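All chains, full assembly: derive it from the sequences and hints.
Sequences listed follow chains A and B, in order.
All the letters of the first sequence, read from the start, carry residue numbers 1 to 552 under this note's numbering.
All the letters of the second sequence, read from the start, carry residue numbers 1001 to 1329 under this note's numbering.
The hints are simulated quantities; they were obtained by calculation from the structure and are not laboratory data.
Note that the coordinates shown come from a computational prediction; the quantities given were computed from them, not determined experimentally.
Be careful, since some hints might not be right.
Stated by the list, open to error - Derived lysine-lysine pairs resembling BS3-like cross-links, with alpha carbons at most 30 Å apart:
1. A:K315 / B:K1293
2. B:K1304 / A:K45
3. A:K140 / B:K1271
4. B:K1076 / A:K385
5. A:K318 / B:K1304
6. B:K1112 / A:K10
7. B:K1304 / A:K246
8. A:K315 / A:K246
9. A:K364 / B:K1076
10. A:K81 / A:K140
11. A:K153 / A:K10
12. B:K1108 / A:K7
13. B:K1052 / A:K140
14. A:K81 / B:K1304
15. A:K364 / B:K1293
16. B:K1122 / A:K472
17. A:K246 / A:K383
18. A:K21 / B:K1271
19. B:K1052 / A:K81
20. A:K21 / B:K1112
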Amino acid sequence: MSDNIPKPDKLADINYSPPRKDWMDTAPSFRKGTWCYGAAQKNLKYLDLPNPREWHPNEEDWKLPENWQRIILEGMRERLKKFRSFQLFMDICVRCGACADKCHYFIGSGDPKNMPVLRAELLRSVYRRDFTLAGRIMGKIAGARELTLNVLKEWFYYFYQCTECRRCSVFCPYGIDTAEITMMARELMNLIGVNINWIIEPAANCYRTGNHLGILPHGFKDSIDFAVDDLHDITGVKVEAPINRKGAEILFVTPSADYFAQPHYFTLLGYLMLFHEIGLDYTWSAFASEGGNFGLFTSHEMIKRLNAKIYAEAKRLKVRWILGGECGHMWRVIHQYMDTLNGPADFLEEPRSPVTGTKFDNAKSTKMTHIAEFTSDLIRNGKLKLDKSRNDHWRLTYHDSCNTARAMGILEEPRYIIRNVANHFFEMPENTIREQTFCCGSGAGLGTDENLEMRLRGGLPRANAVKYVREKHGVNVLGCMCAIDRATLPTLLEYWVPGVEVCGIHELVGNALIMKGENKRETDLRGQPCIASSTCAPESDAVKPNKDSAHV
Amino acid sequence: MNVFYSLIAVLILLLLVCLGVGVGDMRFFFGAVAPYAAFAIFIGGIIYRVVKWAGSPAPFRIPTTCGQQKSLPWIKSNAFDNPHNTFGVLMRMALEVLLFRSLFRNTKTDLKGQRIIYGGDKYLWASGLAFHWSFLVIILRHFRFFTEPVAPFVPLLQKLDGFLDLGVPALYLTDVGILAAVTYLFARRIVITQLRYISLPADYFSLLLIFAIAASGVLMRHFFRVDLLGVKELTIGLINFNPKIPDGVGLPFFIHLFFVSALLAYFPFSKMMHMAGIFLSPTRNLANNNRMKRHVNPWNPQVKVHTYEEWEDEFRELMRAAGLPLEKE
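Given below as structure tokens:
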């Protein structure tokens, strides 16, 4: 943990009273730990994005183009015409405040500009001045203000303190979605080269190599081969993991962290075991080696540019349909953007499980099925031999990732899988799961080390709910279906709730899966003994959510 | 400070009508010209705004899903909070518009030590609902002034609304409802510090103006009795485009009418347009059937992509060495 991060009790001492001065008159202070570094010149250049230069957000001079205000205002005009969401969300907010305490960053920081309503007002105030009559005439009284350098700096600070998690939009009476507003603000800032490296570098890597981490084709193959060998050691079974194989039935796409980072790697092992055991005719692709899409955090154009390779590769490899791994924002893109941007996928067939014959009607146009849908169907049809007790050392809770919960609604599939592969499953309180789930605090490209304090603050509500089930049920692992969760929640939990690990759902499947010809398994995929340790707390193995307790 | 701007604005309106009708003899202006102008701005403004909104396309299907998706047949989907077809969307919209479904979810977050507590908070929902429904019933009740013979639903509404039968004339529940709800909505903007921080003059102004309308109406009904026949003659004259200002109609009525005119004229330029906007909200009015049915974006951007061929060209030697299949040997 970074040296200048305060202790948890200090960080959780949060002041929710707004300052006396009007919000239009308070400028952000770029305090260490609460903002991300600007995008490096080489990455902007590689992507042909505007104003490539070396710059630092905490320095006075941002090296902006001469006419930057005009570029932004023209960009706004264009987007108001292109997005009904943007135009409408600028106009209809009544500032009822229902969203205010729904944002994890507000709860964790107390900064009033982290209330979704005020975050949006940062943009609305400029919209009012330049695009509405009242704002033009009455100025500040009508809530309007000029786009100055300080306003721009405020945009940068607060629109990179929003993880586009959409929790506020669940509570908004008009469905105003701050994610949509943040996306617009980031698009606008990208027009003048105001963006962060933690987003632009993965985007540039992804554009060049096919994946965010910049893993080259041979490195990709090494990673997969390593996992295959590792699995041979653990299970005694040699699985096949074909790469760029033409004519396979299914193309499998997953976030790159799954084959390169921990604890994602154990989820990768789970996929490989599952596919081998059901004899799936599939292929990996070293080109479509990333399901995630940091274009989502840049611009709609960038979403399309980075996403194009998935359909292109499915076409080149002549597969019938696509299966997607565990990821959050990847699935927001695939579910809500891919078909519209890069479809129609008329060269593919409607997904159909080769094992059970189930047709995935819900994916008949996009032709891409979520692995939780695929696996829960296998289990439902009795196609997997599972030994739940191999997960007995885990006392598990499940964290819905923002995007799969609020942009898809894939809530029951993972829970069904969990109940079939693990004995000890405990839900966190109602207000913190399913459509009301809390973000990890590091999504939408903010999961970088220099932003650690803000991440820990944003992750407080999630961590608090984990702490609740840890104290009540002795929970020692948090399951999730999101690569960013798996990358950032371990840090968060180590800080707020030490002793809770993070795992993927298919890691648990891998643990429980009985493979033909396997060695006797005494450890899980992590090499830990499968037997429940004596440190595990209470006995009440209530699998149901705690309906009665709305409290954390 | 913001609250004073709005208070002053409402007082100026009051002063205008008092001076206009009381001192200057501008009864025709306040009884006919202003209402006509206001109504024209109201209708024209709403049409302008809605046409403008509708002129921007919904390029992506981005519903906020608030329940289980429709996927496998044995998993029960949440048809209204996560609709997958038009019927579900209609139900979701109906729940939203008629019952404020999303606001019903509202919670209040508290930090106790290091522990975060989420309590239910239905006050905003309840007061919002009481306010909007009362307003609607009051508008409908006013049709007794606009129809001759009086439309049959009006006496029915009056009876239901006045069923407590308190006082003469009977006290309407909706009158109490709207005044109480607006007072609460106003008070929370002042008392809750975060809300005070985000409130603009316009937020107070709408509430104050509506309070002024309701209060002047209630005062007229229960305290400053007005010549109802005269008022009806005036309103019928207005809707028949034959404006007449009978002598018996006094200042209290002109005050009420002018506040209403001000509200109508202000409406299209204000946040009150959420009344129309909610129907167009893309996170609510679209079905979550993205993967079932392709959504078309009319301006789908042309972008530069990195093709497989370019990619293989860059990495061919590495791939060959690793034994990966190649398109071009």
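Hint check results:
1. A:K315 / B:K1293: 20 Å, holds
2. B:K1304 / A:K45: Status holds; Cα separation ~14 Å.
3. A:K140 / B:K1271: 16 Å, holds
4. B:K1076 / A:K385: This hinted pair holds, its Cα atoms lying about 25 Å apart.
5. A:K318 / B:K1304: 23 Å, holds
6. B:K1112 / A:K10: 14 Å, holds
7. B:K1304 / A:K246: 26 Å, holds
8. A:K315 / A:K246: It holds: about 10 Å lies between the C-alpha atoms, which stays within 30 Å.
9. A:K364 / B:K1076: Judged against 30 Å, a Cα distance of about 19 Å means the pair holds.
10. A:K81 / A:K140: 25 Å, holds
11. A:K153 / A:K10: 27 Å, holds
12. B:K1108 / A:K7: The given pair, whose Cα atoms are some 26 Å apart, holds under the 30 Å limit.
13. B:K1052 / A:K140: 25 Å, holds
14. A:K81 / B:K1304: Given pair K81 of chain A, K1304 of chain B holds - Cα atoms ~23 Å apart, limit 30 Å.
15. A:K364 / B:K1293: 8 Å, holds
16. B:K1122 / A:K472: 28 Å, holds
17. A:K246 / A:K383: Status holds; Cα separation ~27 Å.
18. A:K21 / B:K1271: 24 Å, holds
19. B:K1052 / A:K81: Within the cut-off at roughly 9 Å; holds.
20. A:K21 / B:K1112: The given pair, whose Cα atoms are some 27 Å apart, holds under the 30 Å limit.
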